[in-house]
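Peer 1: In case you want the letters, here they are:
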Amino acid sequence: MKLRLPKKALLSVAFTLVIAVIVLVIYPRQIIDFNTQVKPILNKKCIACHGGVKQQGGFSVLFREEALQKTESGKYAIVPGKPGQSEMIRRITEKDPEERMPYKHEPLSTKEIAILRNWIKQGAPWGKHWAYSPVEEQVIPVEKNDWIKNDIDRFVYRKLKEEKLQPSVLAGKAILLRRLSLDITGLPADSGIATTFLQDDSEMAYEKLTDALLASPAYGEKWTSLWMDLARYSDTKGYESDQPRKIWKYRDWLIKAFNKDKPYNDFLIEQIAGDLMPGADDDKYIATAFHRNSLNNDEGGTENEEFRTAAVMDRVNTTWTALMGTTFNCVQCHSHPYDPFKHEEYYKFMAYFNNTRDEDLPAEYPLLRHYAKDDSSKFLQVKDWLQTTANSATANWYISFLKTLQPAVNSHLCDNYTKGVLYQNNHASLDIGGSCRLPAITTTGKASMLLRYLNNKGNATLSIYIDSLKGQLLAKVPLVDTKSKWKVDMINLPPIAGIHDLWFRFETTVEKDKLPLLFDWFALAPAFPGRAGKQYTAARNNFIELVMAEPATTPVMVENTDEQKRVTYIFERGSWLSKGDEVKPDVPHIMNPLPVNAPANRLGLALWLTDKKNPLTARTMVNRLWEQLFGTGLAETLEDLGTQGVPPVHKELLDYLSWKFMHQYNWSIKKLLKEIVMSATYRQSSATTNELVQKDPSNILLARMTRIRLTGEQMRDQALAVSHLLSKKMYGESVMPYQPERIWASPYNPFQWKLSKGEDQYRRAVYTYWKRTAPYPSMINFDGGSREVCVARRIRTNTPLQALNSLNDSAYLVPARQFAINMRKADPSVKKQIETGYQKMFYQSIAPAKLKILVDLYEQAMAQYKKDKTAASAMMGDKNKPALPEDAAMAVVANAMMNLDEWVNKN
Amino acid sequence: MTQQELHNWRLQHETQNKYLHYHTRRHFIKQSAMGLGALALGSMLGCGTNKTTTPATDNFFDPVNPLAPRPPMFPGKAKSVIYIHMAGAPSQLELFSYKPELAKLDGQDCPPSLLEGKKFAFIRGVPKMLGPQAAFRQHGQSGLWLSDNLPHLSTVVDDIALLQAVTTDQFNHAPAQLLMHSGSARQGRPSLGSWVTYGLGTENKNLPGFVVLTSGGNNPDTGKSVWGSGFLPSVYQGVQCRGEGDPVLFIKDPDGMSRDIRKASIDAINKINEEQYKEYNDPEILSRIAQYEMAYKMQISVPEVMNINDEPAYIHEMYGTQPGEARFANNVLLARKLVERGVRFVQLFDWGWDAHGDSPENAVDVGLINKCRAVDKPITALLLDLKQRGLLDETLVIWGSEFGRTPMMENREGKTMPFKGRDHHGAAFSMWMAGGGIKGGTTYGETDEIGYNITNGKTEAFDIQATILHQLGFDHEKFTYESQGRPFRLTDVGGKVIHDILS
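Just so you know, the protein sequences line up as chains L and E, in that order.
For the first sequence, counting from 1, position 560 maps to 560 in the working numbering; every step adds exactly one.
For the second sequence, counting from 1, position 147 maps to 147 in the working numbering; every step adds exactly one.
Hint data in this document are derived by calculation from the structure and do not stem from the laboratory.
Each computed EDC-like pair below joins lysine to aspartate or glutamate, with the alpha-carbon atoms no more than 16 Å apart: (1) L:Lys850 <-> E:Glu279; (2) E:Lys119 <-> L:Glu306; (3) L:Lys852 <-> E:Asp267; (4) L:Lys852 <-> E:Glu274; (5) L:Lys419 <-> E:Glu413; (6) E:Lys271 <-> L:Asp856; (7) L:Lys850 <-> E:Glu275; (8) L:Lys879 <-> E:Asp255; (9) L:Lys881 <-> E:Asp255.
Produce the entire structure from the sequences given, and follow the hints as far as they go.
Peer 2: Here it is, written out as structure tokens:
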């Protein structure tokens with residue numbers, strides 16, 4: 001019997017067969033790569049419901065061990081080797097929309113299903129995302145071409161060849177000079193360096209220029225600006241009243257570190273844990289101000305512990321975002337939605353940072369004290385006394401106490417008040433007859449108590465009891481009327497071992513209506529040494545005077561003593577009020593293990609961070625440096641090298657440079673920068689064609705150089721430099737150059753923007769005072785952030801407000817006027833004057849068409865200013881001071897020249 | 001044009017612009033000078049799923065014309081927003097929350113049940129209860145209760161929807177203001193106005209899309225962060241327009257430079273930039289040319305819109321404005337002028353409502369009354385004026401603050417205060433919304449008889465934000481921006497639209 005099949009059925013069978021063949025041809029059973037083929041599908045289509053945040057149906061594809069578990073339905077979603085038995089495959093191929101996954105979304109494509117099926121068939125192996133695998137030495141592509149200058153170009157050229165593109169020719173000398181100088185030093189090259197380079201026709205000219213710029217002190221200032229964004233550097237504390245913070249010594253530390261080319265690993269270790277390094281000097285302490293740039297909330301009534309915790313979490317997030325290109329913040333509330341970090345790993349990591357002495361007090365303790373003049377010689381005398389009379393433990397205790405006033409216990413930890421309150425969440429305060437408790441103080445080995453207080457009442461005494469107000473009286477001491485000033489006393493205590501509560505009672509017979517007694521801090525000290533010595537009293541007095549002195553200070557990191565150690569808990573859903581299990585310091589399991597012998601503190605963490613096995617540290621920095629030079633990182637998302645970041649087209653190049661940075665250059669930033677700028681890739685012309693713009697708008701393939709708009713800092717510095725106004729002064733307190741009125745208006749804050757004097761008005765932008773709630777306008781207009789949190793990268797925009805800023809802001813007009821005057825001195829002819837100016841700005845002569853446009857502008861302005869002398873004077877800055885119409889007309893021209901696209905960009 | 005027509009119109013132009021974009025950007029710039037020009041190539045829902053194919057333009061953001069008008073997700077009732085924030089937190093108990101029972105408790109010790117486990121900014125120990133320091137009356141057809149401190153607003157109660165059970169977990173000004181405006185009590189997230197201008201662009205390209213006006217002598221407590229753009233491109237941050245000095249920073253030409261010289265200089269800059277473009281073919285150069293042209297136009301349009309001198313006398317009378325002074329009434333009138341000209345989002349902050357009782361200015365029976373006098377008339381005038389111009393239907397007006405105040409009298413550090421004041425109170429306070437598709441004369445939410453806790457209709461910052469976005473045509477759960485590896489939304493993981501107050 002002949003089997004007769006309906007035509008339709010036959011057709012459909014044939015069709016299915018054809019499709020199957022096509023699928024097999026297009027997607028043969030090649031080895032499936034988890035990272036590049038499977039993970040993107042899981043991230044895009046599955047992980048929102050089956051990942052770190054939600055685990056619908058008891059299924060998650062974040063970790064292999066979770067994915068292979070039995071799901072809530074009792075079935076296995078993935079059975080390695082057996083796609084037919086894997087519920088996941090059944091559900092993604094299901095016809096019934098109620099059953100089919102992804103639920104209520106587009107079904108997976110045939111190709112995606114084939115990939116997942118084959119992957120399970122091959123055993124469903126998991127892979128490590130590239131950025132979490134250690135950096136390996138790269139094989140340099142064998143490419144030959146005259147264009148190639150170094151190995152970077154071999155990587156770039158190979159990719160261009162694959163894409164059937166040609167690299168661009170090298171840019172002209174003038175363009176390169178300006179580009180390189182702005183990139184390396186943030187300033188246009190001065191005439192000395194410029195002339196040397198332009199007149200040197202040798203092969204070595206460009207390299208010599210590079211070396212000269214890298215050796216310039218301006219180099220450190222330029223790269224410090226970048227680091228200040230990452231460190232969220234600010235001269236104020238943030239939040240409501242946004243009070244000043246003196247932390248500029250950290251900025252100076254950065255400039256010096258960059259200029260010395262401090263190896264990047266040391267650079268990081270000192271910033272994370274300088275205070276814990278053996279023999280830490282002042283410089284090492286100042287480095288730790290990196291993480292004291294977190295916000296401090298001084299607003300009345302704020303919970304100190306809440307904002308201390310917020311600052312600690314900010315340090316964790318900044319460490320990951322800035323130094324390891326990872327979005328760790330997500331893990332605060334739940335396991336990472338896409339990347340292999342578990343919820344508890346956030347808190348284990350936080351445990352490293354959770355034991356510093358800062359407690360969100362307005363005083364910002366701990367502060368490194370910079371004794372000056374008499375105090376500094378007094379300090380040396382006391383130090384000498386301590387070192388000659390005491391054992392080293394006691395001497396060190398006293399010396400480090402003088403440096404940081406730590407370890408102290410801040411008085412806000414007092415409780416059990418009677419006739420007393422916690423004053424503004426800051427100071428313990430007692431009224432007449434009032435008492436309070438300072439809980440759980442270790443008294444073993446202590447002989448005296450240092451006490452900082454403010455008392456406005458005469459005839460007053462402070463009694464100190466142990467364990468209760470009915471306990472043993474340890475001391476009853478008279479308190480003098482300090483007349484609204486803070487005073488420090490050193491009270492002798494009888495020797496008592498153990499951990500005890502201390503109770504304070506304040507008594508006085510007079511002066512009811514005055515301020516209550518305020519406590520600032522307490523410190524239990526060993527006996528002041530050398531009691532038998534002749535100079536004992538003098539030394540002890542000197543010591544107390546130094547403690548009372550109010551020298552300049554810098555907020556720094558100081559670790560809690562063993563007695564003060566905090567326990568770290570997991571915060572359920574990220575809320576500091578819902579504490580879960582206790583955790584110990586540790587690093588995420590996906591990362592490199594802790595180095596052998598790494599201590600379980602910040603120093604251990606810093607050693608792990610800078611271990612050559614850490615997969616992220618070098619890559620993040622290389623990527624960041626690349627972004628500074630090319631406008632886009634090799635991996636575009638500087639802040640996220642994880643699976644949701646943009647995968648780098650030039651991953652091998654990133655790894656090649658990262659390997660070399662660590663192993664060959666020993667973390668030298670200057671050497672790395674030099675290699676990059678020496679490449680032909682960097683030296684290419686930025687002129688391009690419409691075709692190339694269409695094909696590669698973001699210039700990922702690097703067939704040309706990217707044109708990049710200058711940063712706010714560079715805009716300012718360039719204008720000041722070209723007009724010869726720029727001050728070369730380095731370091732010191734932040735300055736206040738011209739700023740329009742009424743930019744600052746924080747409530748409860750009397751501080752005002754006060755125009756700096758003399759050359760301080762013309763310092764580089766890196767020295768401009770930064771106020772978080774009201775940053776300098778032209779920084780903000782040109783895409784600066786407010787630096788409340790780490791700014792991993794500035795997103796460039798192009799807005800009319802930027803145009804108004806560089807056209808009309810006095811910060812730009814003053815240099816334009818000066819530049820006009822300088823141009824006019826060059827030659828009697830207007831044409832020549834403009835030519836000279838243009839030459840000065842761009843190191844090359846002006847095209848005739850452009851010159852004509854500017855000369856016409858000059859003449860039009862000149863015609864008006866000849867008629868209107870007052871306008872000419874006003875244009876030159878003071879309408880009451882006679883000015884030449886020629887100067888005013890040239891100022892109009894200079895103002896226009898300083899707004900040219902080629903001036904606000906690097907070509 | 002109805003909302004639906006406007007929506008269609010935008011979609012059409014969007015398609016057209018895509019076409020233009022694929023041709024040359026040169027054309028694009030020319031076309032966008034006509035006020036079109038969104039490059040909405042990404043999806044509003046885009047959570048960064050196509051990174052491998054479009055690396056540089058992952059989010060819905062076109063650097064060439066970032067403020068071009070864009071359609072919302074669905075046709076919204078409101079086109080623009082005026083958000084009036086009383087920084088410092090006015091007392092709901094002297095304005096909107098009628099609590100006769102509280103009067104009976106005046107002067108008595110606060111019962112311990114209200115204090116257990118509670119933390120206050122300044123109250124310590126056992127404070128006294130403080131009865132309402134104002135008389136209340138019912139008004140309008142809706143019979144809403146309002147205090148005598150608001151005689152003007154009482155005439156328009158049938159236009160407002162009163163939210164009586166707003167709550168926040170932040171009881172300090174700076175974090176509470178941030179939560180209200182950015183959905184997070186910590187700094188670093190985009191503000192509401194930034195989200196809205198990012199989502200919708202703006203209708204008048206010669207004015208900023210998001211304008212901020214402040215009064216009361218100080219910026220709000222969180223400073224500029226409260227109108228910052230967070231992780232959104234900085235172009236979406238609020239532009240502060242000022243009552244004194246330049247209305248927008250650097251809007252004025254230098255002294256001694258005439259308009260025609262400025263025109264000539266911008267022409268010169270642009271002509272040279274065109275030469276530059278011929279050489280480099282970088283589309284950013286064309287964008288810069290457009291920005292300089294726009295800057296020139298803004299120099300005319302901003303001072304013009306910021307000048308209230310030419311408003312008719314009856315308008316000045318109605319608002320209580322005094323040209324030339326930095327005062328709240330002027331800002332309210334400016335807000336109307338700005339939305340009338342197509343500004344998307346106007347944010348007002350008036351500082352000085354922090355009535356702790358430490359001075360007469362900060363007393364609920366003295367300073368608060370004066371503050372009310374300064375705002376009651378202009379706010380009422382705004383609603384009436386928008387209405388008479390037919391703008392109220394498409395303008396969403398929000399009045400509120402960061403939190404409310406305690407029914408207890410403040411006893412700072414346990415002491416009696418020299419004047420009658422109340423401490424910060426996040427658990428329950430009042431806000432209102434009007435216009436833009438809001439049902440007037442409604443009340444949503446209730447508190448207990450002393451206004452201490454919410455009894456029903458709990459409303460969080462996220463709910464208000466969700467409702468504002470909804471009225472503008474956005475689903476707050478789908479309106480996201482990819483940052484730091486994940487999509488962020490204004491309402492974080494919360495927020496429900498308050499449908500009860502929608503018309």
